[in-house]
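**Q** Each chain, letter by letter, is given below.
4 protein chains.
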Amino acid sequence: MNTLGRLFRVTTWGESHGPALGAVVDGCPAGLPLSEDDVQRELDRRRPGQSGVSTPRSERDRVEILSGVHEGRTLGTPISMIVWNEDVDSSKYEPIRTRPRPGHADVTYRWKYGHVDYRGGGRASGRTTVGIVMGGAVAKKLLREAPSNDPLGIEIVGHVVRVGSVEADPGDLSAEEIMQYAESNPVRCADPDAAEEMLGEIERARENGDSVGGTIEVIAENVPPGLGDPVFGRLDGELAGALMNIPAVKAVEVGSGVRCSEMHGSEHNDPIWWDGHPVVDGDNSGGVLGGISHGGRLVVRVHVKPTPSVSVPQRTVDLESEEEVEIEVEGRHDPCICPRAVPVAESVVAIVLADAVLRAGYVNPDSVELPAASVEDRWRTLKRHL
Amino acid sequence: MNTLGRLFRVTTWGESHGPALGAVVDGCPAGLPLSEDDVQRELDRRRPGQSGVSTPRSERDRVEILSGVHEGRTLGTPISMIVWNEDVDSSKYEPIRTRPRPGHADVTYRWKYGHVDYRGGGRASGRTTVGIVMGGAVAKKLLREAPSNDPLGIEIVGHVVRVGSVEADPGDLSAEEIMQYAESNPVRCADPDAAEEMLGEIERARENGDSVGGTIEVIAENVPPGLGDPVFGRLDGELAGALMNIPAVKAVEVGSGVRCSEMHGSEHNDPIWWDGHPVVDGDNSGGVLGGISHGGRLVVRVHVKPTPSVSVPQRTVDLESEEEVEIEVEGRHDPCICPRAVPVAESVVAIVLADAVLRAGYVNPDSVELPAASVEDRWRTLKRHL
Amino acid sequence: MNTLGRLFRVTTWGESHGPALGAVVDGCPAGLPLSEDDVQRELDRRRPGQSGVSTPRSERDRVEILSGVHEGRTLGTPISMIVWNEDVDSSKYEPIRTRPRPGHADVTYRWKYGHVDYRGGGRASGRTTVGIVMGGAVAKKLLREAPSNDPLGIEIVGHVVRVGSVEADPGDLSAEEIMQYAESNPVRCADPDAAEEMLGEIERARENGDSVGGTIEVIAENVPPGLGDPVFGRLDGELAGALMNIPAVKAVEVGSGVRCSEMHGSEHNDPIWWDGHPVVDGDNSGGVLGGISHGGRLVVRVHVKPTPSVSVPQRTVDLESEEEVEIEVEGRHDPCICPRAVPVAESVVAIVLADAVLRAGYVNPDSVELPAASVEDRWRTLKRHL
Amino acid sequence: MNTLGRLFRVTTWGESHGPALGAVVDGCPAGLPLSEDDVQRELDRRRPGQSGVSTPRSERDRVEILSGVHEGRTLGTPISMIVWNEDVDSSKYEPIRTRPRPGHADVTYRWKYGHVDYRGGGRASGRTTVGIVMGGAVAKKLLREAPSNDPLGIEIVGHVVRVGSVEADPGDLSAEEIMQYAESNPVRCADPDAAEEMLGEIERARENGDSVGGTIEVIAENVPPGLGDPVFGRLDGELAGALMNIPAVKAVEVGSGVRCSEMHGSEHNDPIWWDGHPVVDGDNSGGVLGGISHGGRLVVRVHVKPTPSVSVPQRTVDLESEEEVEIEVEGRHDPCICPRAVPVAESVVAIVLADAVLRAGYVNPDSVELPAASVEDRWRTLKRHL
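Chains as they are written, first to last, in the numbering used here: chain F, 531 to 916; chain S, 531 to 916; chain Y, 531 to 916; chain A, 531 to 916.
Read the hints as simulated data drawn from the structure, not as lab findings. As the structure is a prediction and not an experimental result, all values here were calculated from the model. Just so you know, not all the hints are guaranteed correct.
Identical chains blur together in the list; that is why a pair holds if it fits in one copy or across any two.
Cross-link-like lysine to aspartate or glutamate pairs, in silico, EDC-like; alpha carbons within 20 Å at most [what the hints assert, rightly or not]:
no., residue 1, residue 2
1, 913, 697
2, 622, 850
3, 913, 805
4, 622, 740
5, 913, 723
6, 913, 624
7, 913, 601
8, 622, 601
9, 622, 860
Just need the whole structure built from these sequences, with the hints factored in.
**A** Listed below in structure tokens is the structure:
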């Protein structure tokens, strides 16, 4: 179950302290321009050590593309990408071999698999999101450049809207503006004042040997109408399921989200206007009605729990001695994972949308250059590749 | 995409005003006792007209089992169930043929499919949750009675914890107590005082020709450890994806949910105790760590938007004349769908868990009576059926 | 596992002597004209009692469409179809409750499920192919009429090419000619002389209380190039897997098939000509190279074992007494199932091709009328449905 | 669509002349002993240059395991395996850039993807079966050692039974004997006399610049009863579909296969004996009745077309000039691919069976050491890993 998607499928593999991590993207149409730089750019946004508020671990995370791309364009065959693990220090993890860290997957992996790689969290480590970001980079390229709507032009941007007690109020910004503001500070918050406060909140948590949670909003613009397959492949369902698969996410909202439960219908229903075609105006729906995109912008939020690795003492058990013990988790951890989780959340949205545009026929699943047309047209198009 | 699940698969079909609605459950192991009564009991909980706060539409919703059951036990083959539509009045829907109702899927189905059955919402109607409840009834039976842990004994119960401005505070109750309290009032709230207030809130919305949202919590007890397949088939991911597929749900929380974003790690991490095996104590995790169940109770919440069918005037467009118009939605609608959505949410959780217990090997996928053992053992077990 | 296909998915359900049999077709695009007559026509070809060489059982097999079609066109939602069982005589099957019939699934269903519906073969009965034929009828309609290539125009025809020792030599016929000749005799053989001999062969088997095997060839014309997804969703792979799922099929050939093992490369390679685009000339490839269709006609053959129900004495065991016994199978059985299996084999090919044309983008998966184009074009197209 | 299997899933990637080839095995239970040697042994059997009758290309094909294994045992997480490409000479392939080779996928990949990697056949090359063999090696280990039936003990062996006009008659041998005889000669034929003749047949083809086809039989012993999921996941259906996905395979037979079409029921039905449980005696069923294994040995055959790369002149077209031309394919090719395809066919059978034993509950999908039992039992078992 390490594969996300139906037509556009991302399979990730790798343990935190194993030799390497990777992703195989299957189902990306042929003809899409793709380079290692396209992927590296996104990996660099996820990389630790970008600022004082993330872990000082040094992970260069250089991607190599091993298949599926030839002469700078995708082949329609699986795109295999790899990142070698470096700077691995497994010595700190020896104590947790028998003492599961609270809030971590140590205890559940033990229940499920018996034999586990406890070093650095193994497969349950946040480090495995490297594979998601690699897959997301390909998805973003497809969503932006696939020449369906000449071109499709879907843009996805995430930003941090809460850290602990600090809530951002970035106002009414376009995706481009959010990107610009959010990428200019280390917490990736599009509200500069809140960003300062968030830095303080994170710093305080770190000083206390503690961590703090937060909220990420992801917006997608230029999403075409008709994406999503009711009743069990609804676009919001696919998004929620995929986003909740990101480690540490405990809640997913679409549009009005949790607030909907306090609203009246007359207030919640976004009105519909005419602009050559019907236009749903408002963010309550979050871009989706009946599980299908309506052509307006997509809005989702994920709530991310505080990093469970804290050095304050916690209660756990020693599995060998069967005694209850105290544990203080050592290691180099992010006191708030949200800033680095932004590209991960964007990537998950991108993969879900890439899958949905293929399923809805906006992009030809064989080749971004193929029209869904007659055999003659098809051949004429193909000839340009000789 | 009308199928939910991987090994335990529920496919639903049917339009609101078509001849019938149905579900096909594939992958249910053989040998499970199952009767139409088992399914009817759950359908009756979803049925409208149970009280003054739901729609006065009369839907008997009598289930017939057409396959997959023989002499009162499942066969391991697809279980086909059907409910015939009755009391269908399509006349009220003629106006919406060209005027999509705000907050409804009218506009998006038109975008996606072109040709739509607009009567009663067609396939996007909440009525299609009949199929989910039928599938959920089978899943509940399997989770409760399958003789894995002699027997498995998983119990699933949902209750309404918010309606508009009224929040319930039921205290620390067991699943059985929640069920008992919640089923004793028409809003399905386990806090009797709040239940009264909720009834008032719903009544006021109805009098205003309006509707109101709410929140449902679902709890599962006796969930065994080891369910869920990281990294893209995590139990919380599967739950979130499936629950968000329920019509009108806009947010899904697991455990601490949204609140996690305001917490510190030292506060969020549930401690681990020893009781013959490790026990995670607390509801912050919601029963899941690293996407895998830890053996404690499962807690999820869904936030349900107010029914979009309101008779107060709203802005929409006439697709034929391409003009912006006002619409007042007629029809017999629930002013708050939450009470009737409780069995739907329970059913979705049941289907996801049934799939997970099969995938984790707690129940033999062939037959609830088969051990995963030697050929000789297998045959001995089988002989009892002669 | 009662579902065939990835985008175009047919789920069948029903036992031979249960109340009904059915199929749910999910993923058929909206806007396709579809009536019960379209399905009935194919069911009638499968129906027993068409001639003296099939079983005298009387099965009217009248289809009802219960969902997914509105005003004569598909909705893009699941198409549920049902056939009620009639003329069921379960009394003959009491003896086989404990005595598995050789060549039947009696013994293996007992191994797998323990609790079985032995009446009429239950779920393993050839009668369950009713569901395949219903699904195939929808697929054929889509392949013939979907307006991709204005229209797609794919035609599928099957005919019997061997019964026991009699091999047909129909010569070089078009699909239309094969259909015409084959449908004019009760064995569905396109070679009239061989058809006569086949009738004799079948008659002799029946007189001996025995049965006889045979071979069916299915041809598809106007198959567009580019269908099939290497390396594990190859068109020939999908065809072989699906065809082998038909009860009684023991071998599947594509193009040259078994004969390829005796050939040299210089002889086997079909040459390529030019006709505005490359044209592969010859039937050795069977229409597929590297798992992808090349635009020429598709040729597959299935080899069907003799009906296992024979009244000559056979060795089996009594499961209750654990003794070896003799059994003579009573009942009304086809001495050669091939003629009635022709529409079943065609249906399977149709379902696989319908799935493949959707996956390859020849037909828009949302609606047969939707271009894969701009939002504006899409809306203009949709307006015609108002 | 580069993934085979449902629970035990093998995803392969890589082009013939790209940097590397790989496979990701997802769904293998934890706790299985696995080393690079286990995989290398199978790769060596597939490797070219083993004898005078295969290509002189030198491919060392050293596997590296990059994830999913820790301290010599599987983790239940994805097992990523890689083989770096060496000895790549792409210069010979420049001519085929515009001139599709008859019998190859050149023309169909062009149709489907437009942009193709024509070097060495790219993704359509037989070289990509390296990934299948790596996945098959893990499957074989699981089938042989998983401690279900203490242990499962399933053995899979393939051998060449025909090359061109030469048919083998190995007599009635056990799997172990077939393995022993077949591996002792370069054509992998278990009949030593026929092996000699086959060598001559292949040598003659090579001298003529031609190639020759052949047939491979694969046998699996100790297959437990109850594998396979009717009606669309039948064991024979899964086998046929997967085997037909092997490049160059044009026909698949199960048990009696093609011969069934000439037989009578009284002759085809394998009798059933009693040996503590029912035993189906004979190879006509090929180990499968009604799509479900009956506990006897599994017998399948694949027919492999002659290698399409022949240096005798053939007709094709030049896509650039749109003229019909002659082509003589240069390169270092196997005149008969059958001997090297034996481990590939075995691997496919192994992957399908591994998936089936997981689906049927013979092996716990989480861990080969976990009983499907109570929480207490589960924990006791897990403790041994501390």
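**Q** Run every hint past the structure and note whether it holds.
**A** Results for each hint:
In this homomeric assembly, residue 913 and residue 697 never come within 20 Å of each other (Cα to Cα): the closest approach is 55 Å inside a single copy and 44 Å across copies. Only within a single protomer do residue 622 and residue 850 lie at most 20 Å apart by alpha-carbon distance; the minimum there is 19 Å, versus 62 Å between protomers. With identical chains, the CA atoms of residue 913 and residue 805 are at most 20 Å apart between copies only, with a shortest distance of 14 Å across copies and 39 Å within one. Proximity of residue 622 to residue 740 under the C-alpha cut-off of 20 Å is restricted to the intra-copy arrangement: shortest distance 18 Å within a copy versus 59 Å between copies.
For the identical chains of this complex, residue 913 and residue 723 are neighbours neither inside a copy (55 Å) nor across copies (48 Å), given an alpha-carbon limit of 20 Å. Proximity of residue 913 and residue 624 under a CA criterion of 20 Å is satisfied inter-copy only: 17 Å between copies versus 59 Å inside one chain copy. In this assembly of identical chains, the alpha carbons of residue 913 and residue 601 lie at most 20 Å apart only when taken from the same copy (16 Å versus 43 Å across copies). Taking the shortest alpha-carbon separations for residue 622 and residue 601, only the inter-copy value of 18 Å comes in at or below 20 Å, while the best intra-copy value is 44 Å.
Taking the shortest Cα distances, residue 622 and residue 860 sit within 20 Å of each other inside one copy (7 Å), while across copies they are farther apart (57 Å).
The structure is inconsistent with the numbered hints 1, 5, although it conforms to all the rest.
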